[in-house]
Amino acid sequence: MKLSVYSRFRNFDWGILISGIFLILIGCATLYSLELNNENPDFSLLLRQGAASVLGIFLLIAALFTDFRHLKSYAYILYLLGLTMLASLLVFGVTIHGTRGWFALAGITFQPVELFKIFFIIALARFFSSIRTINDPMNLLKLILFLIAPAILILLQPDLGTLIILVAIFAGYLFTAKLKRVFILFFIFITLLGVIASWQFLAPYQKDRISSFFNPDMNTKGSAYNITQSKIAIGSGRMFGRGLGLGTQSSLHFLPEEETDFIFAVISESLGFVGGGLLILLYTFLLSRIISLANRLDDPFGSLIALGVFFWFAFQGFANIAMNIGLLPIFGVPLPFVSYGGSSLLVSIFAIGVLESAALFSPRKS
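Terminal number for the sequence shown in our numbering: 379, no gaps in between.
Do not take every clue at face value.
[As the list claims (entries may be wrong)] Here are the simulated lysine-lysine pairs, DSBU-like style, with alpha carbons at most 30 Å apart:
1) K85 with K155
2) K244 with K220
3) K85 with K191
4) K191 with K155
5) K244 with K193
6) K193 with K85
[Stated by the list, open to error] Label pairs and their computed distance ranges (CB to CB):
7) R145 with F188: 15 to 21 Å
8) A210 with A181: 30 to 36 Å
9) R251 with A117: 37 to 43 Å
Just so you know, the hints here were simulated from the structure itself, not pulled from any lab data. Note that beta-carbon positions come from the ideal geometry of N, C-alpha and C, so glycine has one too.
Given only the sequences and the hints, what does the whole structure look like? Please build it.
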């Protein structure tokens, strides 16, 4: 018997939605403070981020009123569509910051690899929910192909950051699938080979960033400049920060990519250890709600989608913050919901819509 609208919305996870909204608002407030420091601020970044947020809300509402289980029938089609877009970038894409990863039309850019993340998760969720055991060599071979095809296309851009996030999502699924130890060792070996091989595809500046991570004092005005300025910004914020728009590293534009890769450093300089800590707590709450939803759902496909989104937000959020404080090399991934970027924000909001659809339409465990 179909549930009434009221009965369905009793299962709505307000924690996921509200924490996502707060993260978006923090990002918009930070962008506003950054643009205040311009000589003639036009607030173009804020307006574009706001427009992406509004469009994302429409996508979220559309996802809410669509049974997520329909996605299972189209999972592999979406995956192939994503691969087609990635391949098309090699011919029709535009290059930004050394990466051929965007389509551009009438002044609007779109990064297909962000959309591919959710397609990748949906396809893996269908695969894992449709097999009896992961410890079948044929199933493992199919899984390897799932990863290798997009990995090659992404390396050709090259976009090291996105590739690392996809590998992390893939690894997250494997380690929760009760994979035999021998197969785990095999995948670790394959991953190490992939890391060695991928070095040849990286742009010189990407190689320099990785090298400078192991010796950051070697070239503080060159390849290590970004992380040096990020650490200065975070340290200068101290406990309570300098105030929004008052940070010297961000207001004087010493901090590069301040609206994207290093927005956490801007927040920490402006709001201090307290502000940065509260942001991390907000992410922790969001992730706890997502993993709780994954455990509550009785539909394996929905549960696996929630698990994949958890891996995505967790790994990408950790990677961005770790880069800002010098725990990881800089490989350029946005902070989910907070960093400037319409493609990333749109897809992240849509992912919340899919999660809420799973909460509404999937039966709960008794």
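Do the hints match the structure? See the list:
1. K85 with K155: Answer holds: K85 to K155 is near 17 Å, not above 30 Å.
2. K244 with K220: 21 Å, holds
3. K85 with K191: 23 Å, holds
4. K191 with K155: 17 Å, holds
5. K244 with K193: Violated. K244 to K193 sits at ~41 Å, over the 30 Å cutoff.
6. K193 with K85: 27 Å, holds
7. R145 with F188: 15 to 21 Å: Check passed, 19 Å falls within 15 to 21 Å.
8. A210 with A181: 30 to 36 Å: 18 Å, violated
9. R251 with A117: 37 to 43 Å: 41 Å, holds
In this structure, the earlier hints numbered 5, 8 are contradicted, and the remaining ones agree with it.
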